[in-house]
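Going down the list, the sequences are from chains A and B. The numbering used here applies: residue 1409 is where the first sequence begins, and numbers increase by one. The numbering used here applies: residue 37 is where the second sequence begins, and numbers increase by one.
These are computed hints drawn from the structure, not numbers from a lab. Every residue gets a Cβ at the ideal spot worked out from N, C-alpha and C, and that includes glycine. The reader is advised that the hints may include incorrect statements.
Claimed, not checked - Derived pair list, reagent style DSS-like, types lysine-lysine, alpha-carbon separation capped at 27 Å: (1) Lys155/B <-> Lys187/B; (2) Lys49/B <-> Lys1821/A; (3) Lys114/B <-> Lys1821/A; (4) Lys1821/A <-> Lys1536/A; (5) Lys155/B <-> Lys103/B; (6) Lys49/B <-> Lys114/B; (7) Lys67/B <-> Lys155/B; (8) Lys114/B <-> Lys155/B; (9) Lys1424/A <-> Lys155/B.
As the list claims (entries may be wrong) - Here are some chain A residues pointing at chain B (derived, C-beta under 7 Å): (10) Gly1421; (11) Ser1422; (12) Ala1425; (13) Pro1679; (14) Leu1726; (15) Glu1728; (16) Arg1731; (17) Ser1738; (18) Ala1741; (19) Arg1742; (20) Gly1827; (21) Leu1828.
Unchecked claim - Quick partial rundown of chain A residues pointing at chain B, CB under 10 Å, derived from the structure: (22) Leu1418; (23) Glu1732; (24) Ile1735; (25) Arg1822; (26) Ser1823; (27) Leu1824.
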Amino acid sequence: MIEMPPILSLALGSLKARRFTALLTIISIATAVMLFGAVENIRQSARASFERTLTGTDLIVGARSSAINLTLYTIFQIGDPTNNVTWETYEDIRSRSDVAWTVPISLGDSHRGFRVIGTTHEYFDHYKYADTRDLTLRDGRVFEDLFEIVLGAQVARDLNYEVGTSLTLSHGLGAASFSEHSDKPFTVSGVLAPTGTPVDRSVFVSLPAIEAIHAGWRSGTPTPASRLATPERLRNANLQPKEITALLVGATSRARTLRIQRDLNTYRAEPLQAVIPGIALSQLWNMMSVVERALQIVSTFVIAVGLIGILTSILTSLNERRREMAILRSIGARPRHIITLLVSEAALFALIGSALGIAVLYGASWGLRPLLEERFNIGALSLTPGLFDLYIVSGITIIAALLGFIPAIIALKRSLSDGLTVRV
Amino acid sequence: MSTETVLSLSEVKFGWDTTSSLLSIDAFEIKQGESVFLQGPSGSGKSTLLGLIGGVLRPRSGEILIKNESIGAASSAKRDRMRADHLGIIFQQFNLLPYLGVLANITLPCRFSKRRREKSRETFSAPNEEARHLVSELGLPDDILSSPVTKLSVGQQQRVAVARALIGAPALIIADEPTSALDSENRDRFIEVLDTQRRRFNSSLLFVSHDRGLAKHFDRVVDLNTLNNARIEGQT
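Please model the complete structure; the sequences and the hints are all you need to start from.
Rendered as structure tokens:
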């Protein structure tokens, strides 16, 4: 039984001797793997966090438009509501025996680009994200007084607000609004903890507050009567809303959801639409999957370029290593040794390179973690290497090893024709 | 001295196609411990003959025996093993792997041949020990073992190549123009050292060169042009 010579140590030695080009090759594969890993990580976590934006809610109900549009404006604060839902309808849905809870949502105002959600305390009780997580307050408490406001985490951070800050709301959903509710200032009563969902970019007031700031308004503009509506008077006024924009519905059991949905989609008093959030969210995601696919393709090509780099590096080294092969053959190296040498060199390039790439990727995300969490909604971003990264490293190593057969077979053919004569 | 035959060629013909022969040798033998000077200008079929003896080429017909075992008819795995076990080969120049140290270069054959590894263990306890011994016998400084190959002079490199060829006492040392890169003074010294050392191991030596002036160092001189009948055959 012939002991296998430590070809791996020869391969390592040979890499060391060509350390400059070897380093460049390793850096190129490391960069490729880093990019691929980053894209995959962001892609997967984006999908995960996106699809878990709203959980625990069985139906989103609003005026009839499209499922995606309704989801976009109630949950993501994108796009404009087409129509409203009357308070009578809201009461009717709320009183159904198969409905466990409802949360009203009233949209139409903003503060410096952040949308205002008029709602009730039930919003904070029933809004769940990332499976079963509840909204929690980082500071203060939910609104109690008519002119109290609760801020999403990003709003507070971006605008540098805290509990006690006084602010006014603007009419309309855009950042540049011409009608201000400047006569009715609000005080921040609480700030929510970050969630990685659009909640972070929202501000919350009570439903009566929405009525209050529009007291004396008609068709979206203030009338002289609005001046009479001072905060003091409003606190004692009847501020029962006539309309809301949408509502979130929780059924008494999952099985009842479809019946409620059917009933509401054929609601007679006004045209309604009921949407199951999970379905709408994955529909939305599929719309964006073109971008996802494009990113994936680009990063796959970057990997391919890295692998070709390995191949090029070994192929160009073959000429100057003709002598090395002849020497090895002369002392009894078998064809399989020559093949093993070059294949393991390719595999070593890939292994070292991709492991380095993964290490740098996670090192960087650890280092930048606070920054990433502050700036982006990436709650689901994985910060430690996982099974997937193991697959990347081993997959690339295997592909590189297979590619290594190309220079290996060329070198072998040459060494057989060179025989025991060392050519320059 | 033993009269065992280390290398024997009989009726060996070789050619790249079936119609003409590059090499045709009726009979050629090297006995154990014998040193043979094979003279031949370039183009006389030296590389082909060495390829045949080394088992990287196969004869079209005839028999090549190394220690009474046919290398010409063996499987490629067997030929590679016979080459590793029985032959020590020294090239003209650049004998060493640049990325290995001197010690690793010398002991390399013991990694590929179990027979030579064990022989080295029997006589010197370990290949590394034998390498140390060879280095001092070859007149190289002791600290050379730890220095990188690239720091060595051409003469030193050739001596390290001799150490590598001798380690584990192979039956036959083949030296292919090993002195062509050396100046004349070093040339004679090199051959003397090579000859002394291979005698200690009782290894035979096939020394190939076009330089007739070196012939005086060897037991026997053979002219490849005389040995090879291929040209004559081609004319008739």
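Checked hints:
1. Lys155/B <-> Lys187/B: Given pair Lys155/B, Lys187/B is violated - Cα atoms ~30 Å apart, limit 27 Å.
2. Lys49/B <-> Lys1821/A: Holds. Lys49/B to Lys1821/A sits at ~23 Å (cutoff 27 Å).
3. Lys114/B <-> Lys1821/A: 19 Å, holds
4. Lys1821/A <-> Lys1536/A: Measuring from Cα to Cα gives roughly 66 Å; hence the hint is violated.
5. Lys155/B <-> Lys103/B: 16 Å, holds
6. Lys49/B <-> Lys114/B: 21 Å, holds
7. Lys67/B <-> Lys155/B: 21 Å, holds
8. Lys114/B <-> Lys155/B: 19 Å, holds
9. Lys1424/A <-> Lys155/B: 32 Å, violated
10. Gly1421: 4 Å, holds
11. Ser1422: Where the cut-off is 7 Å and the nearest Cβ of chain B is about 5 Å from Ser1422/A, the hint holds.
12. Ala1425: 3 Å, holds
13. Pro1679: 79 Å, violated
14. Leu1726: 15 Å, violated
15. Glu1728: 10 Å, violated
16. Arg1731: At about 5 Å, which falls below the 7 Å cut-off, the nearest Cβ of chain B leaves the hint on Arg1731/A intact, so it holds.
17. Ser1738: 4 Å, holds
18. Ala1741: 6 Å, holds
19. Arg1742: 5 Å, holds
20. Gly1827: 4 Å, holds
21. Leu1828: Result: holds, 5 Å to nearest chain B Cβ.
22. Leu1418: 8 Å, holds
23. Glu1732: The hint holds - Glu1732/A has a Cβ within 10 Å of chain B, the shortest such distance being about 6 Å.
24. Ile1735: 6 Å, holds
25. Arg1822: 12 Å, violated
26. Ser1823: 8 Å, holds
27. Leu1824: Hint on Leu1824/A: holds, closest Cβ of chain B at ~7 Å, below 10 Å.
Hints 1, 4, 9, 13, 14, 15, 25 from the list above are not met by this structure, while the remaining hints are.
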